[in-house]
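Chemist: Those sequence lines, one after another, are chains V and E.
Using our numbering, read the first sequence as starting at 141 and increasing by one per residue.
Using our numbering, read the second sequence as starting at 4 and increasing by one per residue.
What the hints contain is simulated information worked out from the structure, not anything from laboratory work.
Don't be surprised by glycine CBs; every beta carbon is placed ideally from N, CA and C.
Hints may be right or wrong, so weigh each one.
Computed list of lysine-lysine pairs in PhoX-like fashion (alpha-carbon distance at most 25 Å, straight line) [claimed, not checked]:
(1) V:LYS241 <-> E:LYS16
(2) V:LYS241 <-> E:LYS58
(3) V:LYS208 <-> V:LYS218
(4) E:LYS74 <-> E:LYS56
(5) E:LYS6 <-> V:LYS208
(6) E:LYS60 <-> V:LYS241
(7) E:LYS6 <-> V:LYS189
(8) V:LYS218 <-> V:LYS198
(9) E:LYS6 <-> V:LYS241
(10) V:LYS198 <-> V:LYS241
(11) V:LYS241 <-> V:LYS208
(12) V:LYS241 <-> E:LYS73
(13) V:LYS189 <-> V:LYS241
Residues from chain E that face chain V, not an exhaustive set, calculated with beta carbons under 10 Å [to be verified]:
(14) SER11
(15) LEU14
(16) VAL15
(17) THR18
(18) GLU20
(19) PHE36
(20) PRO42
(21) LEU48
Pairwise CB distance ranges (calculated) [what the hints assert, rightly or not]:
(22) V:GLY193 <-> E:PHE23: 42 to 50 Å
(23) E:ASP54 <-> V:SER152: 38 to 46 Å
(24) E:PHE23 <-> V:SER210: 33 to 41 Å
(25) V:GLY202 <-> E:LEU98: 35 to 43 Å
(26) E:ILE80 <-> V:THR192: 32 to 40 Å
Spelled out from the first residue to the last, the chains are:
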Amino acid sequence: AQSVTQLGSHVSVSEGALVLLRCNYSSSVPPYLFWYVQYPNQGLQLLLKYTTGATLVKGINGFEAEFKKSETSFHLTKPSAHMSDAAEYFCAVSRYSSASKIIFGSGTRLSIRP
Amino acid sequence: DVKVTQSSRYLVKRTGEKVFLECVQDMDHENMFWYRQDPGLGLRLIYFSYDVKMKEKGDIPEGYSVSREKKERFSLILESASTNQTSMYLCASSLPRQAHEQYFGPGTRLTVT
Chain V
141 AQSVTQLGSH
151 VSVSEGALVL
161 LRCNYSSSVP
171 PYLFWYVQYP
181 NQGLQLLLKY
191 TTGATLVKGI
201 NGFEAEFKKS
211 ETSFHLTKPS
221 AHMSDAAEYF
231 CAVSRYSSAS
241 KIIFGSGTRL
251 SIRP
Chain E
4 DVKVTQSSRY
14 LVKRTGEKVF
24 LECVQDMDHE
34 NMFWYRQDPG
44 LGLRLIYFSY
54 DVKMKEKGDI
64 PEGYSVSREK
74 KERFSLILES
84 ASTNQTSMYL
94 CASSLPRQAH
104 EQYFGPGTRL
114 TVT
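If we strip away everything but chain V, and leave its shape as in the complex, we get (with noise of 0.2 Å):
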């Protein structure tokens, strides 16, 4: 079975500050992995995702993530935090890209301190 933990319900930053926000996960064959992210008021839409090649993905606005399968981690960061970077973050894996249905973890949310 496939599952996700992510680490921390509401992370809290200064503007310009780090953005880590963590992902743990648990698969019994090699993961696909993605970061999703909901701006208030409105759907999720896709950040980035690993699936093979590369363990350093980029995505969106700035954000990056790493997958280190030997952490089972794949956290999300990004350099310097933005006020439009506020919204809940949810890290998701399935097990192949065909996959029929992904697994998302409980999300985080992101707030950013003037």
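Please build the complex by placing chain E on the supplied structure of chain V, with the hints as guidance.
Modeler: Relative to the frame of chain V, chain E by itself:
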């Protein structure tokens, strides 16, 4: 741009009512999904459909049914709404071999009183 629309942003229904939530996508996607989103629980899959008239149960199908008569439309039905079905409901769609890249609608916040 892919567009997924949901019939209502906010809905208030009474216990025992039959509730229909509608979802329409305009990108000819084969896969469509219904999730519910609750604080601290993330998104949980209720049902998904990989083709017209085809459906499969997700993780929490109890109390729900679905209908997919046309490719672009996927309906979620609450046969007899209960207060524990108060939630945010999200619809999504994707191409058949890219189920990880789902396009979401804005959600319907359903309150059952």
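Chemist: Could you grab the alpha-carbon distance between LYS208 (chain V) and LYS218 (chain V) and see if it respects the 25 Å cut-off?
Modeler: holds (17 Å)
Chemist: Next pair to validate is LYS241 (chain V) with LYS58 (chain E); report whether the Cα-Cα distance is within 25 Å.
Modeler: Holds - the C-alpha atoms of LYS58 (chain E) and LYS241 (chain V) are around 13 Å apart, at most 25 Å.
Chemist: Lying within 38 to 46 Å: is that true of the beta-carbon distance ASP54 (chain E) to SER152 (chain V)?
Modeler: holds (44 Å)
Chemist: May I ask you to test the interface hint for GLU20 (chain E) with respect to chain V, counting a Cβ-Cβ separation under 10 Å as satisfied?
Modeler: At 25 Å from the nearest chain V Cβ, GLU20 (chain E) fails the 10 Å test, so the hint is violated.
Chemist: Starting from LYS74 (chain E), check that the Cα of LYS56 (chain E) is at most 25 Å away, please.
Modeler: holds (9 Å)
Chemist: Just tell me: holds or violated, for the beta carbon distance of GLY193 (chain V) and PHE23 (chain E) against 42 to 50 Å?
Modeler: holds (43 Å)
Chemist: Taking the CB of GLY202 (chain V) and the CB of LEU98 (chain E), does the distance hold inside 35 to 43 Å?
Modeler: violated (27 Å)
Chemist: Between ILE80 (chain E) and THR192 (chain V), does the C-beta distance stay in 32 to 40 Å?
Modeler: holds (39 Å)
Chemist: Within 25 Å, alpha carbon to alpha carbon, are LYS241 (chain V) and LYS208 (chain V)?
Modeler: holds (23 Å)
Chemist: Does LYS73 (chain E) sit within 25 Å of LYS241 (chain V), going by the straight-line distance between their CA atoms?
Modeler: Holds. LYS241 (chain V) to LYS73 (chain E) sits at ~21 Å (cutoff 25 Å).
Chemist: Within 25 Å, alpha carbon to alpha carbon, are LYS218 (chain V) and LYS198 (chain V)?
Modeler: holds (10 Å)
Chemist: With a cut-off of 25 Å on the C-alpha distance, tell me whether LYS198 (chain V) and LYS241 (chain V) pass.
Modeler: holds (23 Å)
In terms of the numbered hints stated before, the structure departs from hints 1, 5, 14, 15, 16, 17, 18, 24, 25, listed from lowest to highest.
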